[in-house]
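Asks: Starting from the given sequences, assemble the full structure and let the hints guide the process.
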Amino acid sequence: MSDAAPLLEVRGLVKRFGGVTAVDGASLALAAGRIYGLIGPNGSGKTTLFNCITGIERRDAGEVRLAGRRIDGLAAHRIARLGVGRTFQVIRVFPDLTATENLLAVSWGDEASARRRGRELLGLVGLGRLADEPAGSLSYGQQKLLELARVLMMEPRLILLDEPAAGVNRTLLNDLLDAVRGLRAAGRTVLLVEHDMKVVMAVCEHVFVLDHGETIAEGPPAAIQRNERVIEAYFGR
Amino acid sequence: MSPSATSVTPAMLAQVVVSGLLAGALYAVVALGLALIFGVMRVINIAHGTLLMLGAYVTFWWFHLTGLNPYLSLLASMPLLFLLGLGLQRFLVARVVGAPELSSLLLTFGISIALVNATQLAFTSDLRSVEYLTGSWLLGPLAVSKSRAIAGVVALLLTGLAYGGLRTTRLGKAIRATSERREVAMVCGVDVAKIDLVTFGVASALAAAGGTLVAVMVAIQPEMGQGYTVKSFLVIVLGGAGNYPGALLGGLLLGLVEQLAALFLTAQVSEAVAYVLLVVVLLVRPQGLLGGRST
Amino acid sequence: MRRAALALLALVLLGLALYPRVASGYGIRFMLQCFMWIALAQSWNLVSGLTGYVSFGHVAFFGTGAYTAGVLIARHGWPWALACLAGGVGAAGLALLIGYPCLRLRGPYFAIAMLGLNEVMRVCVSYFEGVTGGGLGLSLPTLQASLAIYYAMGLTGALVTLAAHLVVTSRFGLRLMTIREDETAAEALGIPTARYKLAAFLLSAAGPGVVGGLFARDQGYIEPISVFPLATTITMIVMALFGGKGTVWGPVVGAVALFGLEELVWARFLFLHQLLFGAIIVGVVLFVPQGLVGLLRDRFRLPRYV
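Protein chains in written order, with the working numbering: chain P, 130 to 366; chain A, -2 to 292; chain G, 151 to 456.
Everything labelled a hint here was simulated from the structure, so no lab data went into it. One should not assume that every hint holds.
Chain G stretches covered by chain A per the calculated footprint, using a threshold of three residues with CB under 8 Å from any CB of chain A [unchecked claim]:
no., stretch
1, 242 to 254
2, 384 to 393
3, 418 to 431
Covered, in the sense of this in silico footprint (three residues per stretch, anywhere, with C-beta under 8 Å from a C-beta of chain A), are these stretches of chain G [what the hints assert, rightly or not]:
no., stretch
4, 201 to 211
5, 435 to 441
All C-beta atoms, glycine included, are put in the ideal place defined by N, C-alpha and C.
Replies: Given below as structure tokens:
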């Protein structure tokens, strides 16, 4: 772990839904400029943790700090403007808006330069030709790429990717992974939730493991694969 | 007549409580229908009050044409509206189940307007009434309007029957399952399209029952339904959306609040109380007083 | 292509401006009402068409504008043009008062709250009898001003449509539309949806407020039932839906078409035409949810400002 102050710090986060405790004291710390993974068996609370970090859900206890500043309790749109972007498990592009409009809608500042950036980003993810198509008419893979371009449009410091590899074919997957590595090269920090272990091994430098809402292990991917507690969590005793 | 706070006697208060509970039971049975439609199909049925109005007209014509006890018209209004509900669901509402809420809101709004105006064309907007039961029963110091008492008791019975059905019959369980987890219910072999159909029919029948009971008490005219639609929403919001027993409690609570307001405020203002209460509850505790599911 | 359309528009506007010279009194009144419906339908579109938040109580702003202007003219002697503008401001003020809490509710709950709003307004007007004249209505000093009102209504309709054009072609408009598309995602991507909804709501209240005032001036007498009828909200909605909610020219087309039909065909059959409105709403929602103009846009891939 680097010794610079962490970009994102989550301490003892708790989130309950009625009688169920989805997240039960999870903690993690992310240093800037690296690619992190968040794994865990189904129902371990990964997406809920994402939702709490991004402010979509209100946490019941615990802290979330972005570059030292507390962001828990802030409205989702403020957290986003502070530099936290995310994609969703189920694709949520704006279907009636064109690809370009999807990007413009989340851009701020001078409109002309926003349009230029939008064109660049669409070109980067290979959607240049489809700039004026309604997002709803794009294929699943194209929508995934659009979601990525859209989150990049916000110029976030931290990007949370919720199951980026879900339902994606081999070729597109490689493109996505290249894009993720490119993000790291550009100095951004990535935290991705994934079920596909190959993806996690291929691209993550450091992995957190969640089980029953708690962080039960963390470390480099290779070490995690051999960690007994992790194996137990996934396969039972 | 609104007495000042100091001159309210325990007897008056008891009177208000009894009237409130009876009125509330009526609200509850109507709101239960709305809750079922929302719970099962996630559709906001703005035409619900209009269905009640149609039930009231059935009762009016029953009484006008046969002279028989208007309460017996439940045997006509409920089945007739059940069938209408089936038809509406099958041909119109089914198409917007699963669509964005905007669609079902506008659709049921359109249905409501069409039905109200069709009624106006057919029966004119002249006020009608069913003069059958007047006066009150005296229970000690309390005077309870007869029609209100019967309405309340019948409403409670119907609500009880409905709850019983939901808990014990196979259909009822299927309805509850579909409300809670539609996809899971489908996977478990529940024919959700049929459940949607039956639910809308039952809900319409419940609204019709409300209409029949109300017909004996108030003036009947084509636009009478809207107030009941909004109040039914208030009941659901009070009890928690998707929380069927909550509809009963929400209804009783609304009845009580309205009667209390009528005691201390002018008649006009107490009418508005329901609407203001609606907005306040939505803002303060949208999941309802008993807690339910959010949309 | 765009030049031709603009030229056509300019021609139409010129024609409308010169129309009173050749028209009968009836013709002027017909167009005057047409302009009013354009302003109303377009205003409804500004909030409900773009954000997807259905406002069932929009007539409340019309009525508020009518009473604000009416009271200012009748009791305080204000010149009517100024009073109508004040009506717009009053309506916007009401929108702020209601919108601030109510827009925090999600779509369906908001719609329900708006349904109740109407009733509350009617009760309030009757309650404040001293100021407004209560259930008995409010009389304005007589004034023959059909011509001036014609231009005022026309101007308002044009301005509201212009506002729609500017909104739809701006990022502000795009952000409003994201609320309709996926509000949670919009929030997660940095759009302060509550603020935007409120802005749209305020904007959508000003038009009805002004035309409400103009209506009051034109009629010379208003009472609660004449300025808060549910029928007005229904008509606004049908026009916007039929023409195409979410588009710029849809509400204009819808207003002209349906008002024209109403006046020329159905005027004698009040309930029949309301029944037809209900049927049209049902038909549009089920079969042509994007409305006439929306259909054209989809078919011919027309740009957003249509």
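Asks: Let me make sure I understand: some of the numbered hints might not hold for this structure. Which ones are they, in numerical order?
Replies: The structure breaks none of the hints.
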